[in-house]
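The listed protein sequences derive, respectively, from chains P and X.
So the first sequence is numbered by the numbering used here: it starts at 541 and just counts up by one.
So the second sequence is numbered by the numbering used here: it starts at 541 and just counts up by one.
Don't take each hint at face value.
[To be verified] Which residues of chain X face chain P? A partial, calculated answer using Cβ under 8 Å:
# : residue
1 : His663
2 : Glu664
3 : Phe666
4 : Glu738
5 : Ile745
Please keep in mind that the hints were generated in silico from the structure rather than gathered at the bench.
In this text the structure is predicted, and so the values were computed from the model without any measurement.
From the three backbone atoms N, C-alpha and C, an ideal C-beta is built for every residue, glycine too.
Number of protein chains: 2
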Amino acid sequence: MRVWLLDGGTLVIDHSQLLWNVNPGIEVRFPVFSVLIEHDDELILFDTGYDKEHTERVLPFELPEQTGEQTIPAQIRRCGFEPSEVTTLVNSHLHFDHCGGNRLLPGVRVVMHERELEQARDHEPFERLGYSDATWDHAQASIETFSGDVELVRGLWLYETPGHSAGHVTLLIHSDRGAPSMLFPVDVALSRAAFEREIQASFHIDPIAGQRSIRRVKELAAEHAAEMYYAHDAEAWSGWKHAPDYYEV
Amino acid sequence: MRVWLLDGGTLVIDHSQLLWNVNPGIEVRFPVFSVLIEHDDELILFDTGYDKEHTERVLPFELPEQTGEQTIPAQIRRCGFEPSEVTTLVNSHLHFDHCGGNRLLPGVRVVMHERELEQARDHEPFERLGYSDATWDHAQASIETFSGDVELVRGLWLYETPGHSAGHVTLLIHSDRGAPSMLFPVDVALSRAAFEREIQASFHIDPIAGQRSIRRVKELAAEHAAEMYYAHDAEAWSGWKHAPDYYEV
Chain P
541 MRVWLLDGGT LVIDHSQLLW NVNPGIEVRF PVFSVLIEHD DELILFDTGY DKEHTERVLP
601 FELPEQTGEQ TIPAQIRRCG FEPSEVTTLV NSHLHFDHCG GNRLLPGVRV VMHERELEQA
661 RDHEPFERLG YSDATWDHAQ ASIETFSGDV ELVRGLWLYE TPGHSAGHVT LLIHSDRGAP
721 SMLFPVDVAL SRAAFEREIQ ASFHIDPIAG QRSIRRVKEL AAEHAAEMYY AHDAEAWSGW
781 KHAPDYYEV
Chain X
541 MRVWLLDGGT LVIDHSQLLW NVNPGIEVRF PVFSVLIEHD DELILFDTGY DKEHTERVLP
601 FELPEQTGEQ TIPAQIRRCG FEPSEVTTLV NSHLHFDHCG GNRLLPGVRV VMHERELEQA
661 RDHEPFERLG YSDATWDHAQ ASIETFSGDV ELVRGLWLYE TPGHSAGHVT LLIHSDRGAP
721 SMLFPVDVAL SRAAFEREIQ ASFHIDPIAG QRSIRRVKEL AAEHAAEMYY AHDAEAWSGW
781 KHAPDYYEV
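Sequences are here, hints too, so could you generate the full structure?
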């Protein structure tokens, strides 16, 4: 398998939102990225980042910085593919910074957890901003849902890790060639510091479940001796390969 | 009944903690108070504020300001009673700023919700600061628990309003003389703005339950045509009578 990390630009939130209740008053700029996986006949996209126009309109305080080169179509082309070649799009969850590019792949098969679909369409008042970009839910969207942990294709697992959102999932790319497995906990904990200190984000629906999900990801990381790829960590991001560079797994 | 509001000093938190995720980076100083109720043969105390020494040691960033006159014994004496005359102490919940004076009434009968007692003794990691003052749980403490809504004494109701904490309760003092009933939602929503906008605090264990509890308090307020007494609202506090002044209910 080849795995590309697709740069989706950056956003800003308060430190106390990145790490719930810790150090309010400090703004943190962090990256947003998606993952493209070439696997036998499949080309799988995991998340689609945020839509700049939506973010500027609805969440301008997150100060989006995203060039044309950092949009999903441009990033996919950078890896040598056309957006239409993506066979499956998986959403870890449906917060605006993980599904903003869905609408740019209108005919693709979309896969997500059934609880996430249900919750995004009928969310709590305090989830309003998270689910503010509903453009993924368009007439052409071909959505398939699952529940439980699933092996989407050989070696590519989606694990239930709710708390941050109702149907949030973590991605594991398991190597069958001895390369390190890659684990993407997405918003279970937003950064290495958050993960190590076991502090979830201040955006969540069920913090007890969220705490359990951090423990679950730690167990998965140990079980698979996996490398961790944190979703919103500027320092960690700077140390990884970015598309068109890729990982062979 | 006579009802006194006992001044317990002030604390500081970030605006995004007072109103979950709203306007981080703005510090807000807010009052902490307890309620003393003279009822037939009973003298009932509802909450006991924070302990200054504990707060300075464990939560110094909350910048406690509390004079000797703002401690629970001094406030009770200000109303013309000795602390030993309190017959029942009710805790809305066991966060440090609602139970810090419990230890100063060592022999008193203490009443709280059974879920609160259970959770305070075995809490989630993210509740560590909230439950950091465990001095209420001393050898002389005579604790009685309840579940469901209860009428503690005639006209004095405790309603289950979980979310902020597992066994959080709201106090209603219902007049039988035509005076306005008094409703104390405590930390269901910390201020008038939080209540009106239906935004709970960033400290919580179950935000879905918390959202329902705000709705429940709104229904109680309407049903009883009650006056609202917000727990942590400097502007509202400045408009009320403070001990030794009192309300006749």
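State the violated hints by number, sorted upward, taking the hints as numbered earlier in the document.
As far as the earlier hints go, only 1 is violated by this structure.
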